[in-house]
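Q: Based on these hints, arrange chain B on the given structure of chain A.
Those protein sequences? They're chains A and B, same order as listed.
For the first sequence, the working numbering begins at -12 and goes up steadily by one.
For the second sequence, the working numbering begins at -12 and goes up steadily by one.
Wrong hints could be hidden among the right ones.
Remember, identical chains collapse to one label, so a pair may be satisfied in a single copy or spanning two.
What the hints assert, rightly or not - With a Cα cut of at most 20 Å, we get these calculated SDA-like pairs of lysine to any residue: (1) K(-9) with K182; (2) K221 with R231; (3) K87 with T123; (4) K132 with L199; (5) K18 with E38; (6) K36 with A62; (7) K36 with H15; (8) K36 with E60; (9) K36 with G63; (10) K221 with D232; (11) K18 with G63; (12) K191 with R130; (13) K182 with Y120; (14) K36 with L14; (15) K36 with L64; (16) K36 with R13; (17) K156 with R13; (18) K156 with R197; (19) K36 with D57; (20) K36 with R61; (21) K36 with A54; (22) K(-9) with Y75.
Hints are computed from structural coordinates only; laboratory data are not their basis.
Protein chains: 2
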Amino acid sequence: MEEKERYDVIIVGAGMAGLSAALTLRLHGLKVLWLGTPLLSEKIRRAEKIENYPGLPSVSGEAFAAALRDQAERAGLSVTPQTATGVYAMGGYLSVSTEKESFEGRAVILATGVESVKSAAGEEAFLGRGVSYCATCDGALYRGKTIAVVCTSKEKEGEAAFLASLAAKVYFVPLYKDPSFAAPNVEYVGGMPLKIEGKRRAEKLVFKDRELPVDGIFFLKSARPPAALVGGLKTEGGHVAVGRDMSTNLKGLFAAGDCTGRPYQYAKAAGEGNVAAHAAVEYLRSLG
Amino acid sequence: MEEKERYDVIIVGAGMAGLSAALTLRLHGLKVLWLGTPLLSEKIRRAEKIENYPGLPSVSGEAFAAALRDQAERAGLSVTPQTATGVYAMGGYLSVSTEKESFEGRAVILATGVESVKSAAGEEAFLGRGVSYCATCDGALYRGKTIAVVCTSKEKEGEAAFLASLAAKVYFVPLYKDPSFAAPNVEYVGGMPLKIEGKRRAEKLVFKDRELPVDGIFFLKSARPPAALVGGLKTEGGHVAVGRDMSTNLKGLFAAGDCTGRPYQYAKAAGEGNVAAHAAVEYLRSLG
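In isolation and in its complexed conformation, chain A is listed as follows (with noise of 0.2 Å):
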């Protein structure tokens, strides 16, 4: 069988918290991977100001985004543009899946961040039998069939041009601005979808004034909830669980950032990036 090529630690997530943790892990002069979008948050660049991140006065998004994107290259650290589709604890290290591969490191960083918009009842409950968080790992099972397309970010029209054209039917639900993607099996439905009805699987999508049948329903989001994530992680509130050197109930799982909980704010971010690096890297000379 092939041996294949352990990190040390992978960190998943390009936003602050990600960002944090792989500029401290560089300085340990550890074989790091960081997966994530390239762009670093999309949030981060969507604030209007920031205005108490020590150092930076009065920031906009923008620029701020800018800096980090630039200490990033500077620091020739470079994001592999993958997003993690699960995370499992495999005893002695842990394996990484995308939607394209799966990568092992000695130690894992979460740093997903979290969906502002809200879930809808029986996200979780569905989730695997109808509800899906991941186009590329599931749309091959909807072929010809009837989904809702449930979509918070712009950035992920492309998987939903991905989904319509595997089904047959699709009911779209954009929850941001100005939509643009098209596709004549696509049905745009406005407003926030309440809850997921069905018996064994997910059969209705259920708004406030309409019901949607379906065979299954994709939340395309640009953070998808931990515990969907990462089996067996402990969460208090759809939050990560984590102590104070931001280890995981996990061994070897660390987890930082607004994953972790509130406040969601950027020095938070960046600080428990900083500690879960940290903590990581003492994780690792603990294993020799």
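A: Okay, now just chain B, sitting in the frame of chain A:
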């Protein structure tokens, strides 16, 4: 009786964590008192190059401190240049004493940093019984006596001079480079003080190769141990014990930055200052 002005939050310490807390509290429009040395942390200025603070690539300590000072100024934040000598939970509010006066706050954020110089054995045990951290508070007790003054920073030489003006004899133990303080009744002593010995009170400061018979010992440090500053404070290994929201075991008292433990990193301190500020705001809200 005169009613004392009560602050919403008193921040104790003007390093990175204190600044981060101050910036965030300002956004909430609270009545804040910020105590500390006006220059921001001496430690920041001394840092050669900081490579892993997100947003400021490869910044020198001097440039970093200048950016932070500038940001504080622009935000209209100013440090009251007094050093806290004691924090007391009064039931419903906290009282913070300095060498000069005392203040009342509904909440307090401790951001006192950490002293990089190792403590001498017995330092805490003899506190208040011949050991003091505060020249102004306790100097007068040693008029005409023999004292040792252990000084960890050039900026404390003024306090040493004050003590020399009172005491008959001063053993001066500088733990930094190029001390320049001198007076006729002052004798320099090299080396690290290892322990303090005495029966009821401190009587001897012990070095590897000599012992100094003294009536009292002053430790002039840039950061005094949290347990010596706050009565009844829960600590762990000399650090303030805090929860994920930076709350301590004392109601209304939060802590942030190096005083809560490793890693001693600017990003961590900035993050914790932010979190402590948010927690203090929540706490004040809960008081109504």
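Q: Taking the hints in turn, state whether each one holds.
A: Now the hints, each set against the structure:
When the C-alpha separation of K(-9) and K182 is checked against a cutoff of 20 Å, the pair qualifies neither within a copy, at 41 Å, nor between copies, at 54 Å. Proximity of K221 and R231 under a CA criterion of 20 Å is satisfied in both settings, with 15 Å inside one chain copy and 16 Å between copies. Proximity of K87 to T123 under the C-alpha cut-off of 20 Å is restricted to the intra-copy arrangement: shortest distance 8 Å within a copy versus 67 Å between copies. With identical chains, the CA atoms of K132 and L199 are at most 20 Å apart within one copy only, with a shortest distance of 13 Å there and 88 Å across copies.
With identical chains, the CA atoms of K18 and E38 are at most 20 Å apart between copies only, with a shortest distance of 18 Å across copies and 35 Å within one. Within a single copy, K36 and A62 get their C-alpha atoms only as close as 26 Å, which misses the 20 Å cut-off; across copies the closest is 14 Å, which meets it. In the homo-oligomer, the alpha carbons of K36 and H15 lie at most 20 Å apart only across protomers (16 Å), although the nearest pairing inside one protomer, at 33 Å, exceeds that limit. Taking the shortest alpha-carbon separations for K36 and E60, only the inter-copy value of 18 Å comes in at or below 20 Å, while the best intra-copy value is 23 Å.
Proximity of K36 and G63 under a CA criterion of 20 Å is satisfied inter-copy only: 17 Å between copies versus 28 Å inside one chain copy. Taking identical chains as interchangeable, the C-alpha atoms of K221 and D232 lie at most 20 Å apart whether they share a chain (15 Å) or sit on different chains (18 Å). For the homomeric pair K18 and G63, the shortest alpha-carbon distance inside one copy (13 Å) is at most 20 Å, but the shortest distance between copies (44 Å) is not. Proximity of K191 to R130 under the C-alpha cut-off of 20 Å is restricted to the intra-copy arrangement: shortest distance 18 Å within a copy versus 85 Å between copies.
For a Cα distance limit of 20 Å, the shortest separation of K182 from Y120 inside one copy, 16 Å, qualifies, whereas the shortest one across copies, 61 Å, does not. Proximity of K36 to L14 under the C-alpha cut-off of 20 Å is restricted to the inter-copy arrangement: shortest distance 12 Å between copies versus 30 Å within a copy. Proximity of K36 and L64 under a CA criterion of 20 Å is satisfied inter-copy only: 19 Å between copies versus 26 Å inside one chain copy. Only between protomers do K36 and R13 lie at most 20 Å apart by alpha-carbon distance; the minimum there is 15 Å, versus 29 Å within a single protomer.
Proximity of K156 to R13 under the C-alpha cut-off of 20 Å is found in neither arrangement, the shortest distances being 47 Å within a copy and 52 Å between copies. Within a single copy, K156 and R197 get their C-alpha atoms as close as 17 Å, which meets the 20 Å cut-off; across copies the closest is 88 Å, which misses it. Taking the closest pair of Cα atoms, K36 and D57 come within 20 Å of each other both inside a single copy (19 Å) and across two copies (17 Å). Proximity of K36 and R61 under a CA criterion of 20 Å is satisfied inter-copy only: 15 Å between copies versus 25 Å inside one chain copy.
Taking the closest pair of Cα atoms, K36 and A54 come within 20 Å of each other both inside a single copy (14 Å) and across two copies (18 Å). In this assembly of identical chains, K(-9) and Y75 lie within 20 Å of each other by CA distance solely inside one copy; the values are 16 Å within and 58 Å between copies.
Hint check: violations occur at hints 1 and 17; the rest are consistent with the structure.
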